[in-house]
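Engineer: Residue numbers (my numbering), protein chains in the order written: chain V, 46 to 311; chain Y, 66 to 500.
Derived from the structure by calculation, the hints contain no laboratory data.
Heads up, a few of these hints could be off.
[As the list claims (entries may be wrong)] So these bits of chain Y aren't anywhere near chain V, every CB distance computed over 10 Å: (1) Y110; (2) S156; (3) I157; (4) E167; (5) V260; (6) Q307; (7) A397; (8) G405; (9) E409; (10) P456; (11) Q489.
[Stated by the list, open to error] Computed cross-link-like contacts, PhoX-like style, restricted to lysine-lysine with a CA-CA straight-line distance of at most 25 Å: (12) K311/Y <-> K186/V; (13) K109/V <-> K150/V; (14) K72/V <-> K150/V; (15) K183/V <-> K279/Y.
Source: prediction; values computed, not measured.
Every residue, glycine too, gets a C-beta built ideally from N, C-alpha and C.
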Amino acid sequence: MADFSIRADSVNVEDIMRQIRARVREKRGVDYTEEQIQELASVKLEKYLDPDNVRSELLQQFRKISATPDVQAEEQSLFGSSKPLVRLTRRLLRPVLKLFINPDKLIQATRFSQHVDLSYEVLHNLVLEMTRLGIEVKNLKMRVESVSSRLDFYERRARALEGLVQYRPVAAAAAPLPAAAKGGAPPPEGAREGDAQAGDARSRRRRRRRGRRGGGQPPQGGERQDAAGPAPDQPVAAEPRAAEPDTEPPRDPDAGDAAGSGRLDQ
Amino acid sequence: MKLAVVVQRYGAEINGGAELHARYVAEHLARHAEVEVVTTCASDYVTWRNEYPPGADTVHGVAVRRFPVRRERSVRTFGRLSELVFNHPHSIADELAWLESEGPTSPALVRYLAEARERFDFFIFFSYRYYHAWHGTRAVPGRALLVPTAERDSTIGLAIFRPLFQRVRALMYNSLEERDLIRAVAAAERVPGVVVGTGSAVPGDPQPERFRRKFGVTGRFAVYIGRIDANKGCAELFEFFQRYAKASSDGLTLVMVGNAILPVPDHPRIRHLGFLPDEDKFDALAAAEVLIMPSYFESLSMVALEAWALGKPVLANGRCDVLKGQCLRSNAGLFYEGYGEFVETLQTLEHTPSLVAALGVNGRSYFDRHYAWPIIERKYLAMFDRLRREPAEEVVARSSAWRLPAWRERRGRTVPAASAVVEQIPKGPSRSADA
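Model the full structure from these sequences, guided by the hints.
Structural biologist: Structure below.
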C-alpha cells in the first residue's frame, strides 16, 4: 500500500482520490476507462486460444489476391456452377448480361471484399497480440517491482549485518592478536573460538606443570597468579592474557608438551 | 405558530428515508410550534394499503391525522405508465395518469388541506413525487414549503413537477446537489431555498462489543445498512466485494444490515443480518471499519450521516453526485466509480488506520457543523421568520394562475421522455462551499 502523510485536520479527500486513481491507472498499465476495458474483455479470444481456428495460409491468401488477376478464371468462378444446365444457360446469356452490368467491377468488388476480410483478420490478430504483450509487460513490471523490493530488502539486511559485526569490538579485535603477532593472517571467526578454548587448555596444562615443579606448593603473590593465567571460571576478557605464554620459550623439561602446545596453536 | 407536516406515510415503525426524515422534523419542530402531521392510512409504500385507522392519532407526542387511500397501487399499470413517461415521448395527461397510479391517491387528505388552509401558518410537504405533494401544494397556495427529497432519477424529468417547484413558498433542500438539480430542472431560483438536511437520533454510547457478541461477528468488517436492493447499488456491491475478497484473502468482511429484496450471495465473507433495531444498527456502525454506500441515487443518506456522527468513514458510490459531493466537502469519505477504485479505496482504508481515524474525526465534525438538531431547527425557524416577513401575494398569484393545459393540449404527445430530460442536466458534485 502507498503511504499517505495523514494529519487529522488536513485530510484532503480530493488529493487522496487523485493518488488512488493514479495507482489504479498504474496497476492497469494503460489509461483505459472501465467501459473500454469491458469492451476489450468482450472481444472474442477463441481464435487466438484455439490455434486450429487461426488461418495459417493468411500470407498465401494475401499473395493470391494481390497477384495479377486472371480475369478469365474469375469470370469462370463468377458464372460457373456445378449444375451443367445452369452453367450452359449462364454461358449463353453472358453476352446479354454484359450489356447490363460490368462483371469486371463485380470481380474487383469481390476481391476488395476478400481484402477487407483478410485485413480485418490481421487487425484482429494484432489487437490480440498487443493485448497479450500488454499483459506480459504488466507482469514483467510487477516482477521488476518485486525484484527491486527484494533487492532493497537484501541491501537493508546486508547493512544491518555489517552494523552487527562492527558492534562486537572486544571479541572481534582480541581474538586475532596471536596470529597477528606471528605475522600470519587473522583467523576466521570459528578459529578464534578454537584459540580461546586452546588457550584455556594450555593454561590448565601449565598449572598442572607448575604444580609438578613446585611440589604442589600454592602460588605466591599476585604476579605469580597472573603468570599462572586466569582461573577456569574467568570470562572471555582474560583470553588475551591466556595467549601470552605462547611467547615464552619452552624452558621446561616436558618440552614435548610444550611443543605439542605450540602445534596446537598453529 | 401552527405547522402541518404532510407526508405519504407516518408511524414510529416506518423507516423509509423521507418518512423518517418527516418524523424527526415534526418531533423537533414540535418544541417550537404546534405541529400536526397529515398523512394517509398506508404503511406499505408499494401497495399503499390502508393499515392504520383513519382519524386522529398521536405518535411520540405529535398529533397525527390520517386519511384513507382511495385505491391500492396496481404495480402493472404503474410499470406500464412508468415505461411510457420515462422512456418515450408522451403527454401531460399520461404524466397525470402516472401520478394517479403511483399514489397514494387520497383526495380526502387534499380536501382536508384545502379546508384547513387558514388554520395553519405553514404546510411542510415531504417528497415531491407523490400525489399528496402535487395536489396538496395546489390546495394551500402561499403556505406550502417543500422538502423535495429529489434524486437524480427519471421522475425529476417529468414536466408536471416543474410548476410544483415554482408554486411553493420555499424549498428545504437536503443537499447542494439536490438544489442544483431542482434549479436546473425547474428554474426555481426565485423560490427561497435553504440546504437543511436532517439530523439523526444517534446514541451517545454505542457498544461495538455488544454487537460482536450478539451476532458472532469477529474480525474487521465493512458494513452496509439499508434496503438490499439492486436500485440501491447492492448488485454491483456484491460483484465488487466478491472480486475484492478473491484478491485479498485476509481482508475485510462485508456485513449487510437490512431487508433483502435482492438475494444475498452465499459467500464466507458476506454476512446478512436482516433488519436490525436502532440499537443494534448503531452498535454495528460503531464496530465497523467503514460504511459502504453503493447507491446511485440519494438526496441525502441518513445512514451516511449517522456513520459520520459516530466517527466512521464512508465509502460511497462516486456516481451519486450527492454522496460524492458530501465526501468531498466533509473530507470524511472516499468514493469509487468502478471496480479498480473500489478495491483500491477499500484496501487503502483497510491498511491505513490513521486515515480511517482522520476521516472519522472529519465526519464527526461535519455532522456537528451541519446536521446537529439545533442547527436544523434554527434553519427551519429562520425560514419561517423570513416567509412571515416577505409578502406571499406573488406566490399565491403565480400558484392560482397556473392551470393545467386545455383538454386537447393535455393529450398531445409532445412531452419528451423524462430520462432524456434528466440526461441534459449537468452532472457532478456541487462546488459550492456551503453545506
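Engineer: Next, verify each hint and record whether it holds.
Structural biologist: Do the hints match the structure? See the list:
| no. | hint | in the structure |
| --- | --- | --- |
| 1 | Y110 | holds (33 Å) |
| 2 | S156 | holds (35 Å) |
| 3 | I157 | holds (36 Å) |
| 4 | E167 | holds (33 Å) |
| 5 | V260 | holds (19 Å) |
| 6 | Q307 | holds (17 Å) |
| 7 | A397 | violated (8 Å) |
| 8 | G405 | violated (4 Å) |
| 9 | E409 | violated (5 Å) |
| 10 | P456 | holds (43 Å) |
| 11 | Q489 | holds (21 Å) |
| 12 | K311/Y <-> K186/V | holds (22 Å) |
| 13 | K109/V <-> K150/V | holds (18 Å) |
| 14 | K72/V <-> K150/V | violated (52 Å) |
| 15 | K183/V <-> K279/Y | violated (46 Å) |
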